[in-house]
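Here's the letter readout for the chains.
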Amino acid sequence: MPLSSTTDTTPTDPQSQRGRTLIRIQNFNAWYGDFQALQDLTLDIPRHQVTAFIGPSGCGKSTLLKWINRMNDLTPGARAKGGISLLSDRPDEQTVDVDILDPNVDVVKLRRKIGIVFQKPNPFPKSIFDNVAFGPRLHLKTTKSELDELVEWALQKAAVWDEVKDRLQGPALGLSGGQQQRLCIARAIAMGPEVLLMDEPCSALDPASTLAIEDLMFELRSQYTIVVVTHNMQQASRCSDRTAFFFEGRLIESGETRKMFTNPDKNQTDDYVRGKFG
Amino acid sequence: MNKLPVALTRHDANKIARYTKRRKQFSAAFYALCVAIALLSVAILVVLLMSIGIEGQSRLSTDLLTRSHSELQPQRSGMWPAIVGSLLVCGTCGLLALPLGIGTAIFLEEFKPRNRWLLRLRSFVQLNVSNLAGVPSIVYGLLGLTMFVYMFNLFGQIQVNQSSGWELMGAKHLYQVLTLEPDHAVFIPQTNRNQNQITIDRPLDGLDQDWNPIAIDVWAPGTPQPKDPEVRRRTVAAGTTGGTVTDKAWYYFRLPLDRSFLAGGLTLGLVILPIIIIASQEALRSVPSSLREASLGLGATNWQTVRDVTFPAAVPGIMTGAILAMGRAIGEAAPILMVLGATISKESGPRHLMDNAVTMPVLIFNWAGRQQQEFKQLSAAAIIVLLVTLLILNSVAILIRHKIQQSQP
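Sequence lines, in order, name chains Z and U.
Counted from 1, the first sequence has number 281 at position 236 by the working numbering; the numbering is strictly sequential.
Counted from 1, the second sequence has number 169 at position 162 by the working numbering; the numbering is strictly sequential.
It is worth saying that the hints were derived from the structure and are not from the lab.
Computed from a prediction, not measured in an experiment: that's the story for all the values here.
Even glycine gets a Cβ: it sits at the ideal position worked out from N, Cα and C.
Accuracy of the hints is not assured; some may be wrong.
As the list claims (entries may be wrong) - Which chain Z residues stay away from chain U? Per the calculated CB distances, all over 12 Å, these: (1) G103; (2) A204; (3) F263; (4) Q268; (5) N312.
Stated by the list, open to error - The calculated SDA-like cross-link candidates involving lysine to any residue, where the alpha carbons are at most 25 Å apart (straight line), are: (6) Z:K202 / U:S297; (7) Z:K165 / U:V294; (8) U:K353 / U:N363; (9) Z:K154 / U:R314; (10) Z:K165 / U:L298; (11) Z:K202 / Z:R266; (12) Z:K165 / U:V322; (13) Z:K186 / U:Q311; (14) Z:K186 / U:L298; (15) U:K179 / U:P220; (16) U:K119 / Z:N117; (17) U:K119 / U:V322; (18) Z:K126 / U:K119; (19) Z:K165 / U:Q311; (20) U:K255 / U:N219; (21) U:K353 / U:A256; (22) Z:K165 / U:R314; (23) U:K410 / Z:P170; (24) U:K255 / U:K353; (25) Z:K154 / U:L298; (26) U:K353 / U:R266; (27) Z:K165 / U:S297; (28) U:K383 / U:G356; (29) U:K383 / U:L71; (30) Z:K126 / Z:V152; (31) Z:K154 / Z:V143; (32) U:K410 / Z:S172; (33) U:K353 / U:L262; (34) U:K410 / U:T327.
Take the sequences, apply the hints, and build the full model.
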């Protein structure tokens, strides 16, 4: 069941775009070899909101996330049918609608628009500065001072600037796990994406770092559309606007997070969010 | 259901204690065995090095490093041409094998093709690399002989100093003409490639023995000869004839390569190619895939990912493989004997790209097989030099590796 728009206003102001569909997934099926990981899935992901994918292990939520920016291209035997489109309306982009699954789509451009943060923090074995500058150096032609400004901005956005500003040339691997994950978020933000995909971004972190990342997601949704896969019910209820519940490759239910956690339509959802299984 | 299984309820403390003690004894005995084996291998190495050191130390001198082989005077023989030869051959070998091997490894590991034909090519290359790693080096010698020395006879036989070699790169073709001064010659650049002889009958421009341009005078028989030796050196009797000679610059090049150090180096490159490919593949494989995903997830292309992330992370491993491979190349004798031949009486290292060369292992092989005690000592001393060269090369490579590791924090 598609999520409908909650607000409808003029399309110029980014805040007023909130709630309009950005990613439309229609009749989507995905396979790994002969195993069907996702079946006939239809879901709309709204702009400037945090959408959480929940469900037990192996339900296909990570698979869907990885198809949204085509990371599954790297997995041998991964196939998909159906439609995922990005309804971008950035004034500076020529392409408005992108059919993500089109084999001819430019994945380099696509991944610039749709950044991803992985489960385990994976900074490059380079300096903190070089990590954040990696994306801009790939995609943008910048002067030294523009790059400095961009790196500082991204690190501030990712709420890690104060901790690293004195050691930008130091190794990124010397940071703590939570700092590394925020660095990875800064790295994704620095190339100016519209969407941030997060694949269980807190599962390898301690509670304090988890809280910091959750606050960050809440902050960032005013400018980015965030999709987060999580195993943590509390996390989904705390920091997402919308929740989609997956089970055995099917989308069982999706809707406003508050409704999903208090009064879902399906019993299966109710059982899962109450922790009766999964 | 509360009853424990029988095995856990039987309390025979003595039996268990005895059993535990026996296990610990066995463990200690195994540990001792491992230490003994390790010591034995070190002891063998020490004995080897010491016997070589004792035999060769009397001949370790600057003479050994700076002189060349002398058949009649073993006490004055040296290995300078072999040192230069070995370094040049190994340099060629590295220039061929490193880029080719690392490139192949990157293709095999990093560019997983989706296209069916490229997939087939990939598995074909992989299969061949694995097989080639086990091929004896003498077989590579045979391959080098046909591939580089004769080049499948594609370019015909070699004709040195024939005018057919006119277009050869780095070769200067000249006429050599004797002057009035005894044992002195001047040179005149050859302009007509089909003319093998020249007759001097008028003054013209030429070159002296140091390749400086001079004006050549002609002395007409019957008139008095010039007295000044300076003038006599550039004066030629009218009607004197001269034949063609070829001067080869260091970049002198022709095909086929014949028994040149270049052919030897390329053959050794083939020998170590599979080693480098396999080591580089291992190094690339050990780069965590999360780094690869991070780079691709940021919208990097495959090439950018390799250049900025995977390759820098794999460089230390690749360097280790390259060091091992180069160590093997510098000590390899069989393919060199086959490609370059067993000649060791050379005055210097190779003078141009097509020059033959002696390498250290071939020289050692030759010296060690002789009857005279002096040559046996020489070969021991040469082994020490070879080992030290190897050690220096390895330390330089390790230093470079260290530098690279430090430059990426």
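These are the hints, each one checked on the structure:
The Cβ of G103 of chain Z sits about 20 Å from the closest Cβ of chain U, beyond the 12 Å cut-off, so the non-interface label holds. No beta-carbon of chain U is positioned within 12 Å of the beta-carbon of A204 of chain Z; the least distance is around 20 Å. The Cβ of F263 of chain Z lies farther than 12 Å from every Cβ of chain U, with a closest approach of about 23 Å, so its non-interface assignment holds. No beta-carbon of chain U is positioned within 12 Å of the beta-carbon of Q268 of chain Z; the least distance is around 18 Å.
Against chain U, the non-interface label of N312 of chain Z holds: every CB pair exceeds 12 Å, the least being about 34 Å. A hinted pair counts as satisfied when its Cα atoms are at most 25 Å apart, and K202 of chain Z with S297 of chain U qualifies at roughly 24 Å. Between K165 of chain Z and V294 of chain U the CA atoms are separated by roughly 15 Å; this keeps the pair inside 25 Å, and the hint holds. The straight-line distance between the Cα atoms of K353 of chain U and N363 of chain U is roughly 9 Å, inside the 25 Å bound, and the hint therefore holds.
A C-alpha spacing of about 19 Å is found between K154 of chain Z and R314 of chain U, which places the hinted pair at or below 25 Å, so the restraint holds. Restraint check for K165 of chain Z and L298 of chain U: satisfied, since their Cα atoms lie roughly 11 Å apart, inside the 25 Å limit. A C-alpha spacing of about 11 Å is found between K202 of chain Z and R266 of chain Z, which places the hinted pair at or below 25 Å, so the restraint holds. Restraint check for K165 of chain Z and V322 of chain U: the C-alpha separation of about 24 Å stays at or below 25 Å, so the hint holds.
Only pairs whose Cα atoms come within 25 Å are accepted, and K186 of chain Z paired with Q311 of chain U is accepted, the gap being roughly 15 Å. Distance restraint check for K186 of chain Z and L298 of chain U: the Cα-Cα separation of roughly 23 Å lies within the 25 Å cut-off, and the hinted pair is therefore satisfied. A hinted pair counts as satisfied when its Cα atoms are at most 25 Å apart, and K179 of chain U with P220 of chain U qualifies at roughly 14 Å. Distance restraint check for K119 of chain U and N117 of chain Z: the Cα-Cα separation of roughly 14 Å lies within the 25 Å cut-off, and the hinted pair is therefore satisfied.
For the proposed pair K119 of chain U and V322 of chain U, the alpha carbon gap of about 20 Å is at most 25 Å, so the pair holds. In summary, the hint linking K126 of chain Z to K119 of chain U is supported, as the alpha carbons are separated by about 23 Å, within the 25 Å threshold. Distance restraint check for K165 of chain Z and Q311 of chain U: the Cα-Cα separation of roughly 22 Å lies within the 25 Å cut-off, and the hinted pair is therefore satisfied. Taken as a hint, the K255 of chain U and N219 of chain U pair is honoured in the structure, with Cα atoms around 16 Å apart against an allowance of 25 Å.
As the CA atoms of K353 of chain U and A256 of chain U are separated by approximately 18 Å, the hinted pair is consistent with the 25 Å bound. With a C-alpha separation of about 23 Å, the suggested pairing of K165 of chain Z with R314 of chain U holds against the 25 Å cut-off. Restraint check for K410 of chain U and P170 of chain Z: satisfied, since their Cα atoms lie roughly 15 Å apart, inside the 25 Å limit. A hinted pair counts as satisfied when its Cα atoms are at most 25 Å apart, and K255 of chain U with K353 of chain U qualifies at roughly 17 Å.
About 19 Å separates the Cα atoms of K154 of chain Z and L298 of chain U, which keeps this hinted pair within 25 Å; it holds. Our distance criterion of 25 Å between C-alpha atoms is met by K353 of chain U and R266 of chain U, whose separation comes to about 14 Å. Note on K165 of chain Z and S297 of chain U: the hinted pairing holds, with a Cα-Cα distance of about 8 Å set against a maximum of 25 Å. At most 25 Å may separate the alpha-carbon atoms for a hinted pair to count; K383 of chain U and G356 of chain U meet this at roughly 23 Å.
In summary, the hint linking K383 of chain U to L71 of chain U is supported, as the alpha carbons are separated by about 13 Å, within the 25 Å threshold. With a CA separation close to 17 Å, the supplied pair K126 of chain Z and V152 of chain Z stays within the 25 Å bound. Taking the CA atoms of K154 of chain Z and V143 of chain Z, the gap is near 10 Å; set against the 25 Å cutoff, the hint holds. Taking the CA atoms of K410 of chain U and S172 of chain Z, the gap is about 16 Å. The hint holds against a cut of 25 Å.
A C-alpha spacing of about 23 Å is found between K353 of chain U and L262 of chain U, which places the hinted pair at or below 25 Å, so the restraint holds. Our distance criterion of 25 Å between C-alpha atoms is met by K410 of chain U and T327 of chain U, whose separation comes to about 14 Å.
The structure fails none of the hints (numbered hints given earlier).
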